[in-house]
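Visitor: Residues in the sequence shown are numbered from 1 upward in steps of one, following full-length UniProt numbering.
Because the hints were derived from the structure by calculation, they are not lab data.
Only a predicted model underlies this, so the values are computations on that prediction, with no experimental measurement involved.
Treat each hint with caution, since some may be false.
[As the list claims (entries may be wrong)] Below, a list of computed lysine-lysine pairs in the DSS-like style, where the Cα atoms sit at most 30 Å apart: (1) Lys-339 <-> Lys-128; (2) Lys-15 <-> Lys-170; (3) Lys-78 <-> Lys-139; (4) Lys-231 <-> Lys-256; (5) Lys-17 <-> Lys-306; (6) Lys-15 <-> Lys-256; (7) Lys-49 <-> Lys-184; (8) Lys-229 <-> Lys-242; (9) Lys-256 <-> Lys-17; (10) Lys-315 <-> Lys-198.
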Amino acid sequence: MSYEVFYEEYGYPMKGKKLEKLIEFLNEEQLTYDEGIEFTVNLVDSRGKIAATGSLEGKILKCIAVSCSFQGEGLAAKIVTILISHAISKGHSHLFLFTKPDNINIFIDLGFYVIAETEDAVLMENVKNGILDYANSLKPQCAYEDTGAIVLNCNPFTNGHLYLIETASKQCEFLHLFVVSEDKSIFPSDIRYELVNKGVSHLNNVVVHPTSDYLISTATFPTYFIKDKFKAGNINCLLDLKIFCEYFAGILNIKKRFVGTEPFDKVTAEYNLEMKKVLNEYDIDVIEINRLEANDAAISASLVRKLLVEGDYEKIKSMVPEITYDFLISDEGNKIKEKLRS
């Protein structure tokens, strides 16, 4: 063991020369700097060289690395302790990290628990049985044999989403709707959840849930530890589907997952193809429902956002439920329109 003294270097995030030095260090450790980082701590030796580093984006710890010259010195523990302390100061106590499978034991020793693992990636959290407790909390009071699910972003909630939900609700005894919780969309998660919840209140066999932090999207999936960036989307997809199947589907007895056909987004279309393969292994049927059309075009949330920027409320009105339209013409809706325009 060395007797090197390290000093702490903070970035909110790192910029300029310090960022260049950090990127160089991460590259040496076969990692890349992930966009979206909000806070970084480096442990620097007496020569000014980085010995260890770690970063934070919201609730997610990322880009944690220790120089091979200082392995076994307890630097990873010190980095993680600082990151946790900073996260708590920002109101985040339930934390997550993505890493390579080779690093599982390092983070288990630091108080993290495996949620799901594939050949290329692992998702961990610092709450024991966190995902099990969350999934169990979603159980309906009655047990249903024919149970379905839809995972939706609803950015914003459209007639296309409503058509998908109403059609699916007729094809199963009970339907779970999961509205993606992450705030990477222009419409905040609480607004999206509220619009969906109110918009389906007439359907007695449908219940709406936030996904919490467990069902991942490409917006939150970090790629800093993945060499082949072209594989990142597929790795994210497999991890996400494994979480859905092993926890949500398993605990809630979900036998069907409904999706809309995807004529526009190649990434989503590929995700749906992969979904069919993975869910088949768990005896879950993937049922595709043709998209609803308006004005001779398939309704999409992206089209509604485009029309919102243009201020074409007449066309929007034919594409969204009344609850969404009322929100879009409200003061809050106008703020989102201005944000889209900026």
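Visitor: It remains to establish, for every hint, whether it holds in the given structure.
Guide: So, going through the hints one by one against the coordinates:
1. For the hint pairing Lys-339 with Lys-128, the CA-to-CA distance comes to about 39 Å; that exceeds 30 Å, so the pair is violated.
2. A threshold of 30 Å between alpha carbons decides the hint, and for Lys-15 with Lys-170 the separation of about 54 Å lies outside it, so the pair is violated.
3. Note on Lys-78 and Lys-139: the hinted pairing is violated, with a Cα-Cα distance of about 39 Å set against a maximum of 30 Å.
4. Of the supplied pair hints, the one linking Lys-231 and Lys-256 holds, its CA atoms being roughly 27 Å apart against a limit of 30 Å.
5. For the hint linking Lys-17 to Lys-306, the alpha-carbon distance of about 39 Å lies beyond 30 Å, and the restraint is violated.
6. For the proposed pair Lys-15 and Lys-256, the alpha carbon gap of about 48 Å is over 30 Å, so the pair is violated.
7. Only pairs whose Cα atoms come within 30 Å are accepted, and Lys-49 paired with Lys-184 is rejected, the gap being roughly 35 Å.
8. Under the criterion of a C-alpha separation no larger than 30 Å, the hint pairing Lys-229 with Lys-242 is consistent with the structure, at around 20 Å.
9. Restraint check: the Cα-Cα separation between Lys-256 and Lys-17 comes to about 52 Å, which exceeds 30 Å; the hinted pair is violated.
10. For the proposed pair Lys-315 and Lys-198, the alpha carbon gap of about 22 Å is at most 30 Å, so the pair holds.
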